[in-house]
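Trainee: Protein sequence lines, in the order shown, are assigned to chains A and B. Count the first sequence with the working numbering and you get residues 1 to 127, in order. Count the second sequence with the working numbering and you get residues 1 to 145, in order.
Simulated from the structure, these hints should not be mistaken for laboratory data. Hints should not be assumed to be uniformly reliable.
Derived contacts from chain A toward chain B, CB cut-off under 10 Å, selection only [what the hints assert, rightly or not]: (1) Ala32; (2) Glu86; (3) Thr89; (4) Pro96; (5) Pro100; (6) Arg104; (7) Ala108; (8) Lys111.
From chain B, some residues computed to sit far from chain A (all C-beta separations above 12 Å) [stated by the list, open to error]: (9) Ser17; (10) Ala19; (11) Ala23; (12) Pro53; (13) Ala57; (14) Thr59; (15) Tyr61; (16) Gln66; (17) Leu75; (18) Thr82; (19) His91; (20) Asp100; (21) Thr102; (22) His112; (23) Glu138; (24) Pro143.
By construction, the Cβ of each residue, glycine as well, lies at the ideal position given by its N, Cα and C atoms.
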Amino acid sequence: MPTEMRLGGVTELAEELGGLVRALVAAAGPIARTQADQMAENIRAALPVVTGTLRASVQIAPITAPGPAAVAAQVAVTAPYAMAVEFGTAHTAPRPVVVPAQRRGRAAFIKAVVDHVRTTGLQVDGA
Amino acid sequence: MADVSLVDAAVIARLASDAALQALCPDGVWYSVAPQDSTAFVIVARMDHSIRPAQDATTEYTLYEQAIYLVKAVLRHTAATTAAQAAARIHALLHHAELDLTAAGYTAMLCHCIEPLRLPEVDRITNATWQHEGGQYELWSYPTS
């Protein structure tokens, strides 16, 4: 006896999922920029100041997201001696500012995105 | 009470007890800064530390701690060859190593390199060239005491 199975709505489901991704990317872009601004502020506040050049060199650098379902923002400290301050020299100790700010900034960004997703009624596990 | 500085000491001890690293960096392994006149040494510095708390029905406890260590060989040399060899030795000693943190009152969960570092430096006063090579290592652990 032949049995036939039909699966309907696949195209609609794919479109719906695609719409979710587009909506999330659209919402996550401003979140990323806000978090990058906050991270830059935190770095400026924590950097040692002698002439002010190092602090003034903290910038939100333009960066292209690695794909259509991705957002990106980059905080850069462009003073030529920034790495020497962060990681130390032969005679001076490291003064870590960027590394901890990066880690906290990334965590804050993920939390903000997860919070946003939850406001849409979706469930997020493992965050 | 858990004391993360004892974990720092355990990481330093792990590196300092290795004969091959000692041969490449005979001036020793130091926390943050080496004594003056050292020319071939290893620096360990805790760049970041965070605690993930948890709670059961009655008590609050630490689920795990994450520490980021800068671990680098620093050598006064124009060529980077020896610094690279020392960095490779550091990597072999720490990357996916099972660190014994018993004396520190911790149990290690994971230690791995999250970002390599290579940084040449020219001293503006003496014109000496220094090679800094190593990486950032992330250490996950939980206190046992």
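Trainee: Could you check the structure against the hints above and give me the numbers of any it violates, in ascending order?
Mentor: 1, 7, 8, 16, 17 and 23
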